[in-house]
Amino acid sequence: MTTAEVLAGGSDRYGDSARIESDPILTVNRLGRGQTILLNATAYPAHFGLRRFYTDLLGVVAEAQAGDVEVLCGDRVRYAVYPEPGMEILYLLNTHPDCAQEVRVSHGSVRRAVFSVAPGALRVVYMNAGGLVSPEDPAVRVVKLDWDGPRPILQFHGDACAPDRMDVVPATLHP
0 MTTAEVLAGG
10 SDRYGDSARI
20 ESDPILTVNR
30 LGRGQTILLN
40 ATAYPAHFGL
50 RRFYTDLLGV
60 VAEAQAGDVE
70 VLCGDRVRYA
80 VYPEPGMEIL
90 YLLNTHPDCA
100 QEVRVSHGSV
110 RRAVFSVAPG
120 ALRVVYMNAG
130 GLVSPEDPAV
140 RVVKLDWDGP
150 RPILQFHGDA
160 CAPDRMDVVP
170 ATLHP
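Sequential numbering of the sequence shown, starting at 0, is according to numbering that gives the first Met the number 0.
Zero decoy hints are in this set.
Label-pair distances were calculated between CB atoms; the ranges are:
hint, residue 1, residue 2, range
1, VAL142, LEU71, 26 to 34 Å
2, PRO149, VAL60, 29 to 37 Å
3, GLY107, LEU56, 19 to 27 Å
4, PRO149, PRO118, 24 to 32 Å
5, THR35, PRO84, 36 to 44 Å
6, ALA63, GLU4, 12 to 20 Å
7, ASP136, ARG51, 44 to 52 Å
Treat the hints as calculated values from the structure; they're not laboratory data. Just so you know, even glycine gets a beta-carbon here, dropped at the ideal spot from N, CA and C.
Using the sequences and the accompanying hints, generate a full structural model.
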């Protein structure tokens with residue numbers, strides 16, 4: 000390796016830089032604005048001790064590549080995210096005609112908030128740094144979303160809905 004930088008190597012002693020350089024496990028090669036990361040193992044098919052390392056590394060990379068919104072759901076739920084001034088809007092469509100679907104939504108500091116989407120129904124989730132709000136009726140349109148601590152301050156287009164007919168997940172409940 001002439002241009003790659005060794006980020007991690009194999010050694011049974013802390014700070015053994017000569018051994019780490021001679022047994023590279025994780026290297027990076029930068030070219031222009033891009034970079035290539037190579038994960039290497041000297042034993043075939045790989046050393047058994049690397050399994051945990053690979054699992055942790057893939058988890059960190061996957062989390063870093065994820066966008067601001069993460070949606071975990073079954074294959075019968077279709078979703079789309081649209082930016083609006085001061086918030087993002089997540090549309091969830093359950094294409095199953097008979098079964099409700101559970102959807103877990105992560106946005107900002109809110110991790111895996113659970114929403115239920117009725118069979119064949121549309122559910123709308125309004126999101127910003129303060130948290131998530133989802134009216135039970137998808138026809139209710141939130142045009143402004145602010146927060147007073149854990150309490151949402153909402154402005155609606157048209158008829159408003161009662162606060163007991165919506166799910167509210169403030170970011171303050173998710174450290």
